[in-house]
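Engineer: Each chain is listed here by its residues.
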Amino acid sequence: MQVYADNAATTRMSQVAVDAMMPYFTNVYGNPSSLHSAGQEAKEALEDARARVAKCLGCEPREIYFTSGGSEADNQAIISAARFGARKGKKHIISTAFEHHAVLHTLNKLEKEGFEVTLLDVSQGHNITAQQVREAIRPDTCLVTTMYANNEIGSVLPIAEIGAVCKAAGVPFHTDAVQAVGHIHIDVKAQNIDMLSLSAHKFHGPKGVGALYCRRGLPLTNVIEGGAQERGKRAGTENLPGIMGMVAALEDAVAHLDENMARVTALRDKLIAGLSQVPHSALNGDPVNRLPGNVSFCFEGIEGESLLLLLDMKGVQASSGSACTSGSLDPSHVLLAIGRVHDVAHGSLRLSLSEYNTEEEVDHILEVVPQVVSYLRNISPVWRDLQTGKRTYIL
Amino acid sequence: MALYSEKVMDHFTNPRNVGVIENASGVGEVGNAKCGDIMKIYLQIENEIIVDVKFETFGYGSAIASSSMATEMIKGKSIHEAMALTNKAVAEALDGLPAHKLHCSVLAEEAIKNALKDYFDKNNIPYDHEQFKETDHDDLHAQVHGE
Ligand SMILES: Cc1ncc(COP(=O)(O)O)c(C=O)c1O
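Chains A and B supply the protein sequences, listed in that same order.
If you're matching positions, the first sequence starts at 1 in the working numbering and goes up one per residue.
If you're matching positions, the second sequence starts at 1 in the working numbering and goes up one per residue.
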């Protein structure tokens, strides 16, 4: 049995999305900027797509800007708010310690330019509160940017409450909703979200396409300079097939959101209950406010890469926040930010489900994960030291 | 998965010589859990011959494979032959390791050397201290990961 349980990394495209793209490769292939009929036909499709994305988010079509994905949308939102703030002498930004690197690295860049960044602590309950945001806001705060839901540990942040706090303080609020769009109900107006990033490949759409919602009245700064596409705010000939695939996937996700959420949440809870039986393990992330598909655990005494390789051989494709996957000496900054020490963070496993996963697959995961964990523990000197009392258990 | 050679995968999934030796002639442990890899080697030595060897490893698939291969390479050999085992020989015997996993073979060489040193110390056998220079593992890790 082959089980794909890495949907937070990327998803399989839905047939609806693939079908929606096809005509735009060979039939409607004009450049939307061209004046001839082929171009105008493409332009019409593009604007229709914009209106449909806007409808799914609860905003106006002119507030949607198509991008190359979540990273670009994050970069542009943050850079734009920073430039706008700096013009008014405001150079303080609030974010969280467990953001995606698309956000954190952009903030690092701004820090080097003289901005001050406050990263909210996420070690309490593996989440933040709106109260933390309220307390961090200063007169010179030009942006609050918090993710909607965490990609590694699945915590869903109190977005509407944060939106209300920001609105009351008059501070623009951006959310990286890459992991949330298509999986959780979102209404940018009701939730007082000023800017939002999304990425098609996380909800069964194509890779390399996404969007930035930016409330009317907030000025955007170009990240990519050139032609006048996207109201002059994002240059480059539009990826029309990608955009059409994204819209189809988004509408499909939103139309079936409640049923998908119920089904995936049930699978998730079964997995969490089963894996909680493994001794000296711990669930990462907010146990209550949680993405429907996210299961994240730390298993003491083992290392994540060997865990992933063995699981792959047994047909389970998953992910880990161990050093090997972060490509550096340290395990994932997210696991460290929620207070997992290095020794434990190395032994992390993320299983992320989608509506394509089945109960049989979950049963298969529940059969092989404990086997592989105990196999690795049996050859681990750390585990022996824990068992013989030379080392004390953390979990 | 094309990340590792077939040899690495074989030694990772069917590791040879896993376990412990009670009252071993020499025990060596290198690495730390903070970095994500620890290797422990147990040697049983009789008349300067390694009659038995066992290992335990916490770490990457390549760390488990390196320890397994290294134990195979020294089992039944003399302590002098074991002293001459290099990380390069271990990596070659595994048909190569990805560049950023080469430190796993270094750990294997060092764990064996550490176990031999423990044996020399326990038996008051004189040796050249120069031969047992330990690498700083944080440094090594940082080098291979290019940080
Ligand atoms: C929370 C979050 N933000 C941003 C991104 C980046 O999105 P993309 O891959 O479309 O650039 C991802 C996905 O990798 C993500 O999970």
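No wet-lab data here; the hints were simulated from the structure.
Where hints are given, some of them may not hold.
Said to hold, decoys possible - Over 12 Å on every C-beta distance to chain A, these chain B residues come out as not near it, computed from the model:
1) Ala33
2) Asp37
3) Glu48
4) Ser62
5) Ala65
6) Met83
7) Asp118
8) Phe120
9) Lys122
10) Asn124
11) Ile125
Stated by the list, open to error - To give an idea of the chain A side of the interface with chain B (calculated C-beta under 8 Å), a few residues:
12) His36
13) Asp258
14) Met261
15) Arg263
16) Glu303
17) Met313
18) Val382
19) Gln387
Stated by the list, open to error - Which chain B residues face chain A? A few, computed with CB under 8 Å, are given here:
20) Arg16
21) Val18
22) Glu29
23) Gly36
24) Leu102
25) Tyr127
A virtual CB, placed ideally from N, CA and C, is assigned to each residue, including glycine.
Engineer: Does each hint fit the structure? Answer for all of them.
Structural biologist: Hints, one by one, checked against the model:
In this structure alanine 33 of chain B is not separated from chain A by more than 12 Å, as the shortest Cβ-Cβ distance comes to only about 4 Å. With a closest Cβ-Cβ approach of about 7 Å to chain A, aspartate 37 of chain B is found to fall inside the 12 Å limit, against its non-interface label. With a closest Cβ-Cβ approach of about 26 Å to chain A, glutamate 48 of chain B is found to remain outside the 12 Å limit, as its non-interface label requires. Against the 12 Å criterion, serine 62 of chain B falls within the reach of chain A, whose nearest CB is about 8 Å from its own CB.
Residue placement check: alanine 65 of chain B does not keep its beta carbon more than 12 Å from all beta carbons of chain A (closest about 10 Å). Even its closest Cβ contact with chain A, about 23 Å, leaves methionine 83 of chain B beyond 12 Å, as expected for a residue assigned away from the interface. Chain A leaves aspartate 118 of chain B outside its interface by the beta-carbon criterion, the shortest separation being 15 Å against a cut-off of 12 Å. Listed as a non-interface residue, phenylalanine 120 of chain B keeps its Cβ farther than 12 Å from every Cβ of chain A; the least gap is roughly 22 Å.
No beta-carbon of chain A is positioned within 12 Å of the beta-carbon of lysine 122 of chain B; the least distance is around 20 Å. The beta carbon of asparagine 124 of chain B sits about 27 Å from the closest Cβ of chain A, which is more than 12 Å, so the claim that it is off the interface holds. Look at isoleucine 125 of chain B: its CB is around 25 Å from the nearest CB on chain A, clear of 12 Å, so calling it non-interface holds up. For histidine 36 of chain A, the shortest C-beta to C-beta distance to chain B is roughly 47 Å, which exceeds 8 Å, and the interface hint is violated.
Residue-level restraint check for aspartate 258 of chain A is violated (minimum Cβ-Cβ distance to chain B is 37 Å; threshold 8 Å). With its C-beta approaching chain B no nearer than about 33 Å, methionine 261 of chain A sits outside the 8 Å limit, and its interface hint is violated. The criterion of a C-beta within 8 Å of any C-beta in chain B is not met by arginine 263 of chain A, whose closest approach is roughly 30 Å, and the hint is violated. The closest approach between the C-beta of glutamate 303 of chain A and any C-beta of chain B is roughly 5 Å, which is under the 8 Å cut-off, so the hint is satisfied.
Contact between methionine 313 of chain A and chain B, as hinted, is supported at the beta carbon level, the nearest pair being about 7 Å apart and thus within 8 Å. Interface restraint check: valine 382 of chain A against chain B, minimum CB-CB distance 4 Å, threshold 8 Å, status holds. Hint status for glutamine 387 of chain A: violated, given a least beta-carbon distance of 12 Å to chain B, over 8 Å. Proximity of arginine 16 of chain B to chain A is violated relative to the hint, the smallest CB-CB distance being about 11 Å (cut-off 8 Å).
Annotation: interface hint on valine 18 of chain B holds; nearest CB of chain A at approximately 5 Å, less than 8 Å. For glutamate 29 of chain B, the interface hint holds, since its Cβ comes within 8 Å of a Cβ in chain A; the closest pair sits about 7 Å apart. Below 8 Å, beta-carbon pairs count as interface contacts, and glycine 36 of chain B has one with chain A at about 4 Å; its hint therefore holds. Residue-level restraint check for leucine 102 of chain B is violated (minimum Cβ-Cβ distance to chain A is 13 Å; threshold 8 Å).
The restraint placing tyrosine 127 of chain B at the interface with chain A is violated, with a minimum CB-CB distance near 25 Å, outside the 8 Å limit.
In the structure shown, a violation is registered for the earlier hints numbered 1, 2, 4, 5, 12, 13, 14, 15, 19, 20, 24, 25, in ascending order.
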